[in-house]
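*Asks:* Residue numbers (my numbering), protein chains in the order written: chain A, 1327 to 1449; chain B, 1327 to 1449; chain C, 1327 to 1449; chain D, 1327 to 1449.
Check before you lean on any hint, since a few could be wrong.
When chains are identical, the list treats them as one kind, so a pair holds in a single copy or across two.
[Claimed, not checked] Here are the simulated lysine-lysine pairs, DSS-like style, with alpha carbons at most 30 Å apart:
| id | residue 1 | residue 2 |
| --- | --- | --- |
| 1 | LYS1387 | LYS1421 |
| 2 | LYS1330 | LYS1365 |
| 3 | LYS1421 | LYS1399 |
| 4 | LYS1366 | LYS1330 |
| 5 | LYS1417 | LYS1399 |
| 6 | LYS1417 | LYS1373 |
| 7 | LYS1332 | LYS1366 |
| 8 | LYS1399 | LYS1332 |
| 9 | LYS1421 | LYS1366 |
| 10 | LYS1373 | LYS1387 |
Just so you know, the hints here were simulated from the structure itself, not pulled from any lab data.
There are 4 protein chains.
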Amino acid sequence: MDSKEKYFSNISNRERAIFEGAISMGALFHQFVGTPFNKKTIPSLEKAMEESFTLQPCIDKVEVSIDLDRLDKAMTEFEYTSLSGDMIDVKIYSKVEDVLAVIRIKFIEELNYPLMFVEEIIE
Amino acid sequence: MDSKEKYFSNISNRERAIFEGAISMGALFHQFVGTPFNKKTIPSLEKAMEESFTLQPCIDKVEVSIDLDRLDKAMTEFEYTSLSGDMIDVKIYSKVEDVLAVIRIKFIEELNYPLMFVEEIIE
Amino acid sequence: MDSKEKYFSNISNRERAIFEGAISMGALFHQFVGTPFNKKTIPSLEKAMEESFTLQPCIDKVEVSIDLDRLDKAMTEFEYTSLSGDMIDVKIYSKVEDVLAVIRIKFIEELNYPLMFVEEIIE
Amino acid sequence: MDSKEKYFSNISNRERAIFEGAISMGALFHQFVGTPFNKKTIPSLEKAMEESFTLQPCIDKVEVSIDLDRLDKAMTEFEYTSLSGDMIDVKIYSKVEDVLAVIRIKFIEELNYPLMFVEEIIE
């Protein structure tokens, strides 16, 4: 019996796709918030964020984009700043058999909050 | 229109309970792994972990327990160690209307992995 | 030969007090930035920050204070926010034999930067 | 008056080189411990660690090396693991005018501890 049968038989493929994508989104946010960066180091930061969390169970792809306007506003005298949740727009694609879930984090002005939600589910 | 209608109308209450609990579990792990602690500071660490993640959307309760045997094995000459994923056993209770999901992380020896899974859903 | 003689014989007590305090300050910032909190959970968060980093080598005391005005400005629709570097005022007291160093982080408006510096050294 | 004169006039160049290198070492450890990785993603992880912390004040260069034996021992059924302090060997070069400090973290078996120390100071 594999771990899927043993630990995930109580949820559907659709539910597991949501579950695994959500774990990785919460994880990615709390792992990388606080990292020093500026415009020059965005490529290496984005790549590390994408590659590291693509390793987690059922994760097919991770796309990270950092908001340059918000970076500019947070810029310091030392020519870098710390990554914060309002600067990131991330899509995590999780796949369980024939279900693909797209989990997203995006800063929502009216909530003043970087909201994580299920953007799309393709079955 | 509130944020629930706007961003979560594409998933059921059961799916959202799974989603929100999973986010908080991934988040909690990556926020607190690495924290210095020893037997004396376990109460304050557990309390901070529980209180901080109970604040996230739909989270009803967080229960954290740290494995003392694994702490002992990781103990250093400086009489503390860093929190790692294999030491924690956490239950996160997420509630969306009449659905309660219990998300758990627990170290599974045969996987050598701190597995996150859905322990129970009460509808 | 203990670890002090083996690894720290190339620096003075004053230098080591600075060194150990600086490590713990950089560590504390990057460990806890991102943690969800609001006014109600400040006591448990401050306590965990203080107790966990007091465990590190040569650290005598850690005092954390969170800026309530900055918390208010960052407040979200979900009634909590994430801890960020501009919200914290921390003093770390490191002691090596008869030298006490006080390392501080404080947000400096003119630098738009949470500056870490040596506030005082008592010999 | 610049920030150096204002905030760092109470310590020598040598002391500030130690101070800034130590901050960045403590910070790097607690920022990146917990990150998912395996052999394939080591290059992107090392690059992000190096580039992000080279941005901090007075940091000239950061060299990260990950211990493959320790990675192997920690490998899980899911073909990745979480970065932990015992796996990393890092040198941070901090420079203040004509003083160069080399700060190092290295796992010391006899202490069962990833020790941070001043490896060398060139004046």
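*Asks:* Evaluate each hint against the coordinates.
*Replies:* Against the structure, the hints:
In the homo-oligomer, the alpha carbons of LYS1387 and LYS1421 lie at most 30 Å apart both inside one protomer (9 Å) and across protomers (29 Å), since each shortest distance falls under that limit. In this assembly of identical chains, LYS1330 and LYS1365 lie within 30 Å of each other by CA distance solely across copies; the values are 25 Å between and 41 Å within a copy. For the homomeric pair LYS1421 and LYS1399, the shortest alpha-carbon distance between copies (28 Å) is at most 30 Å, but the shortest distance inside one copy (36 Å) is not. In this assembly of identical chains, LYS1366 and LYS1330 lie within 30 Å of each other by CA distance solely across copies; the values are 25 Å between and 42 Å within a copy.
Proximity of LYS1417 to LYS1399 under the C-alpha cut-off of 30 Å is found in both arrangements, the shortest distances being 24 Å within a copy and 28 Å between copies. In this assembly of identical chains, LYS1417 and LYS1373 lie within 30 Å of each other by CA distance both inside one copy and across copies; the values are 14 Å within and 22 Å between. Within a single copy, LYS1332 and LYS1366 get their C-alpha atoms only as close as 46 Å, which misses the 30 Å cut-off; across copies the closest is 29 Å, which meets it. Taking the shortest alpha-carbon separations for LYS1399 and LYS1332, only the inter-copy value of 25 Å comes in at or below 30 Å, while the best intra-copy value is 49 Å.
Taking the closest pair of Cα atoms, LYS1421 and LYS1366 come within 30 Å of each other only across two copies (21 Å); inside a single copy the shortest separation is 33 Å, beyond that limit. Proximity of LYS1373 to LYS1387 under the C-alpha cut-off of 30 Å is found in both arrangements, the shortest distances being 12 Å within a copy and 20 Å between copies.
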